[in-house]
Amino acid sequence: MISSPPTNPGSIPALARQEPQAIHPWWLRMTHWLNALAVFIMLTSGWRIYDASPVFSFRIPTSLTLGGWLGGALLWHFAAMWLLVVNGLIYLVASVATGRLWRQLLPIRLKQLAADLAAALKGHLAHDDIRHYNAVQKLAYWFVIADTVVIVASGLVLWKSVQFPLLRELMGGYNSARVVHFYAMSGLLGFILVHLVLVILVPRTLLAMIRGR
Amino acid sequence: MQDQNDHSGPERRLIIKAALKEMPDAARRLFLRQGLTLGGLALLTGCSISNNASVARALRQVSKFNDRAQAWLFDSSRLAPTYPKSMITQPFPFNAFYPEAQAPVVDGETYRLELGGMIADKRPWTLEALNRLPQESQITRHICVEGWSAIGEWGGIRFSEFLRRIGADTSAKYIGFKCADNYYQSIDMPTALHPQTLLALSYAGSTLPRKYGFPMKLRMPTKLGYKNPKHIMSIYVTNQYPGGYWEDQGYNWFGGS
Numbered sequence: 001m002i003s004s005p006p007t008n009p010g011s012i013p014a015l016a017r018q019e020p021q022a023i024h025p026w027w028l029r030m031t032h033w034l035n036a037l038a039v040f041i042m043l044t045s046g047w048r049i050y051d052a053s054p055v056f057s058f059r060i061p062t063s064l065t066l067g068g069w070l071g072g073a074l075l076w077h078f079a080a081m082w083l084l085v086v087n088g089l090i091y092l093v094a095s096v097a098t099g100r101l102w103r104q105l106l107p108i109r110l111k112q113l114a115a116d117l118a119a120a121l122k123g124h125l126a127h128d129d130i131r132h133y134n135a136v137q138k139l140a141y142w143f144v145i146a147d148t149v150v151i152v153a154s155g156l157v158l159w160k161s162v163q164f165p166l167l168r169e170l171m172g173g174y175n176s177a178r179v180v181h182f183y184a185m186s187g188l189l190g191f192i193l194v195h196l197v198l199v200i201l202v203p204r205t206l207l208a209m210i211r212g213r
Numbered sequence: 001m002q003d004q005n006d007h008s009g010p011e012r013r014l015i016i017k018a019a020l021k022e023m024p025d026a027a028r029r030l031f032l033r034q035g036l037t038l039g040g041l042a043l044l045t046g047c048s049i050s051n052n053a054s055v056a057r058a059l060r061q062v063s064k065f066n067d068r069a070q071a072w073l074f075d076s077s078r079l080a081p082t083y084p085k086s087m088i089t090q091p092f093p094f095n096a097f098y099p100e101a102q103a104p105v106v107d108g109e110t111y112r113l114e115l116g117g118m119i120a121d122k123r124p125w126t127l128e129a130l131n132r133l134p135q136e137s138q139i140t141r142h143i144c145v146e147g148w149s150a151i152g153e154w155g156g157i158r159f160s161e162f163l164r165r166i167g168a169d170t171s172a173k174y175i176g177f178k179c180a181d182n183y184y185q186s187i188d189m190p191t192a193l194h195p196q197t198l199l200a201l202s203y204a205g206s207t208l209p210r211k212y213g214f215p216m217k218l219r220m221p222t223k224l225g226y227k228n229p230k231h232i233m234s235i236y237v238t239n240q241y242p243g244g245y246w247e248d249q250g251y252n253w254f255g256g257s
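Keeping their order, the protein sequence lines are chains C and P.
For the first sequence, our numbering gives the first residue as 1, with consecutive numbering after it.
For the second sequence, our numbering gives the first residue as 1, with consecutive numbering after it.
Since the hints were derived computationally from the structure, they do not count as laboratory data.
What the simulated footprint calls covered on chain C by chain P, stretch by stretch (three residues with Cβ under 8 Å from a Cβ of chain P suffice, anywhere in the stretch; the number is not a length):
| no. | segment |
| --- | --- |
| 1 | 47-56 |
| 2 | 78-84 |
| 3 | 151-162 |
| 4 | 172-178 |
Computed list of lysine-lysine pairs in DSSO-like fashion (alpha-carbon distance at most 30 Å, straight line):
| no. | chain 1 | residue 1 | chain 2 | residue 2 |
| --- | --- | --- | --- | --- |
| 5 | C | 160 | P | 85 |
| 6 | P | 64 | C | 160 |
| 7 | P | 211 | C | 160 |
| 8 | P | 178 | C | 160 |
Chain C residues, not near chain P, derived (Cβ > 10 Å throughout):
| no. | residue |
| --- | --- |
| 9 | 100 |
| 10 | 105 |
| 11 | 106 |
| 12 | 109 |
| 13 | 124 |
| 14 | 138 |
This structure is a prediction, so every number in the text was calculated from the model and none was measured.
We put the beta carbon where it would ideally sit given N, CA and C, even for glycine.
Turn these sequences into a full structure, and let the hints guide you.
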């Protein structure tokens with residue numbers, strides 16, 4: 001029993017009962033990893049573009065950047081943007097169509113959020129069932145979705161400030177769109193760092209994101 | 001919950017087994033040992049991948065696709081924002097691929113603007129004749145590909161009007177420019193015909209100074225800085241892709257904003 005491979009779910013009834021379907025459907029896993037690739041390229045090439053004319057008083061070490069020079073970084077950035085946007089749209093459409101967005105990420109109750117936040121800070125957050133998202137987790141996923149929308153919107157203003165006048169005004173003009181783009185990138189980076197630390201703490205989640213179970 | 005505890009032993013074993021099977025050894029090691037560290041980030045992002053010939057070719061292909069996407073997005077009736085005089089950047093920055101002292105010296109007296117390609121009247125123009133044409137001015141934002149921007153005031157001839165005067169074939173794809181500083185550039189016809197595209201002869205109300213491109217530059221607030229050629233010596237209309245100084249090194253050709 002114990003050493004039998006899970007080829008036939010019937011041979012391990014308890015496991016089959018417990019996992020009637022994948023934790024993460026195939027489209028979620030696909031869009032997750034494609035997004036990871038797109039974000040990786042966008043971040044590292046974006047840092048090289050930032051260095052060409054830093055908005056703030058610091059530079060990003062060249063060793064962390066992609067593209068070699070400004071022209072190379074721009075090629076990467078404006079190639080990976082298509083992957084980021086198209087893949088992101090596929091994720092959103094599939095999430096809404098299957099109802100997964102609301103099922104997994106809602107509701108977020110304020111009381112639960114406070115309790116989960118306190119538990120998280122004390123390191124007591126339960127994660128026996130990685131199928132279930134706690135309130136902090138749900139909020140973090142909403143944050144990263146919204147943050148990515150802001151990144152794309154501010155990026156559109158930087159790329160085509162004349163062609164998107166409404167977005168440009170919404171961002172407060174070309175120059176502040178640069179600042180918004182940078183802060184939104186920082187928010188995404190913060191999410192990724194926490195995300196990765198939690199994956200290291202609960203490696204089962206990595207497995208679930210690779211094979212679905 | 002109960003089930004999970006009962007089967008945590010075999011489940012864990014199965015998980016590990018599946019993980020080993022599904023992740024190639026090298027990839028797993030790279031991800032776990034390096035992928036999560038900043039050092040790994042550096043290792044993975046060395047510029048070597050950009051130098052790979054097939055990667056470079058693929059990136060150039062996407063850049064060509066982006067030219068078409070931008071041409072499609074370009075709305076010739078959409079105007080770049082204009083600003084009051086009080087918002088002009090002081091001093092307006094000098095920017096070129098050489099230091100300011102090396103900006104070319106062009107003699108305005110002997111200067112002749114040469115015309116070529118698909119143009120009906122190719123007679124060269126003196127600076128004086130160009131200055132006699134109707135002039136207009138604009139205060140717009142110059143956006144550099146590096147990210148910085150500056151607001152300036154340019155005056156000159158509406159380029160679409162100039163093209164009409166010389167009988168340029170506006171059904172052609174490209175307009176090319178050759179400059180006194182050996183810079184060369186080319187733009188798409190819709191941008192050439194955009195109402196804010198100026199053959200600029202002045203800056204802030206006086207003759208265009210040498211550092212900003214004497215005797216003339218093409219001013220396009222709908223394009224990034226490198227698309228705006230300075231010290232223009234000749235203009236030609238063509239269907240053959242002419243490229244550009246920076247584009248031939250990897251910058252995007254359309255370069256619109």
